[in-house]
Amino acid sequence: MFQADLITSGDTVTIQMSGDLDALSAPSFHEILQQVATRSPKKLCLAMHGLSYISSAGVRGLVFARQKMGDDMEVVVEGANENVAETIRMTGLQHAITIRESFSA
Amino acid sequence: MPATVASLVAVAEFIGGAVAVAGLGDKDAYRLRLAVDELITNVITHGYPPASAGEIELHSSVSDGWVLFLIVDFGTEFDPTSGHRPIPVVDPDDLPVGGFGLSLARMSADRLIYERVGGLNRTIVVVRRSGRDLVAHDDRRPPWMS
Numbered sequence: 001m002f003q004a005d006l007i008t009s010g011d012t013v014t015i016q017m018s019g020d021l022d023a024l025s026a027p028s029f030h031e032i033l034q035q036v037a038t039r040s041p042k043k044l045c046l047a048m049h050g051l052s053y054i055s056s057a058g059v060r061g062l063v064f065a066r067q068k069m070g071d072d073m074e075v076v077v078e079g080a081n082e083n084v085a086e087t088i089r090m091t092g093l094q095h096a097i098t099i100r101e102s103f104s105a
Numbered sequence: 001m002p003a004t005v006a007s008l009v010a011v012a013e014f015i016g017g018a019v020a021v022a023g024l025g026d027k028d029a030y031r032l033r034l035a036v037d038e039l040i041t042n043v044i045t046h047g048y049p050p051a052s053a054g055e056i057e058l059h060s061s062v063s064d065g066w067v068l069f070l071i072v073d074f075g076t077e078f079d080p081t082s083g084h085r086p087i088p089v090v091d092p093d094d095l096p097v098g099g100f101g102l103s104l105a106r107m108s109a110d111r112l113i114y115e116r117v118g119g120l121n122r123t124i125v126v127v128r129r130s131g132r133d134l135v136a137h138d139d140r141r142p143p144w145m146s
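For the protein sequence lines, the chains are F and P, in the order given. For the first sequence, our numbering gives the first residue as 1, with consecutive numbering after it. For the second sequence, our numbering gives the first residue as 1, with consecutive numbering after it.
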């Protein structure tokens, strides 16, 4: 089951994610991203150390975050496991967002 | 099973069972799930008219070191193996919000076979034990980065 918790600290918004992000859970992730967009943070941190799976439906959320929240906002993926990070890289999105292997919030 | 996203939970459990019997490692299991998940999601999203009661069948054949899944649907004729739909290498602002799914399925599966039989779409996915990465992507650095 997918779970996402929103944490705001200064100009940074962190979404702590766990479970599976697929077509079933993607709408709730998208809803959370819409909430983030209203806060206009300078940095969005996607803490994925608890995320076990991501499909293209989840990657679409990352594209949305990158495109809709402005060029001034940095999007960082932290703590993704090897398979999740590889899936994101397969789409070429690693050139638009920062992917860090270890969690350091 | 019903052609709805709620069925993806059962699909994941079904795949997990096959993976255990075949003795696939973590990377191969992930590739298998990604391929089957994306193909089934595509049928759910595009195969049937909205709000219709479409059905999808999922069959497996498992042996030591490999898994074969047969996905059968009764929806619109569609060959997921036809044409090349590479993920475009473009500026991130121009990335399409959709269209990744079938590309991910093709890169993840070791074999992908499609046939149209008697009004049915039959798609076969094979993943073997290899431990390979999903795909080499070093050569997909977009022009705007150079």
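Since the hints were made in silico from the structure, they are not lab data. Everything numeric in this text was worked out from a predicted model, so none of it was measured. Hints may contain errors.
[What the hints assert, rightly or not] Chain P side only, calculated, beta carbon under 7 angstroms to chain F, not exhaustive: (1) E13; (2) F14; (3) W66; (4) L104.
[Unchecked claim] Label-pair distances were calculated between CB atoms; the ranges are: (5) F:G50 with P:G25: 19 to 25 angstroms; (6) P:G131 with F:G50: 35 to 41 angstroms; (7) F:D11 with P:L120: 33 to 39 angstroms; (8) P:S130 with F:S28: 42 to 48 angstroms; (9) F:D11 with P:E55: 30 to 36 angstroms; (10) F:L6 with P:H46: 45 to 51 angstroms; (11) P:T4 with F:Q34: 38 to 44 angstroms; (12) P:R132 with F:H49: 44 to 50 angstroms; (13) F:D72 with P:S61: 34 to 40 angstroms; (14) P:E77 with F:R39: 32 to 38 angstroms; (15) P:A10 with F:E31: 21 to 27 angstroms; (16) P:Y114 with F:D11: 46 to 52 angstroms; (17) F:Q34 with P:A10: 42 to 48 angstroms; (18) P:R116 with F:T12: 47 to 53 angstroms.
We treat Cβ as the ideally placed atom computed from N, Cα and C, and that holds for glycine.
What are the numbers of the hints that this structure violates, sorted from low to high?
1, 2, 3, 6, 7, 8, 9, 10, 11, 12, 13, 14 and 17
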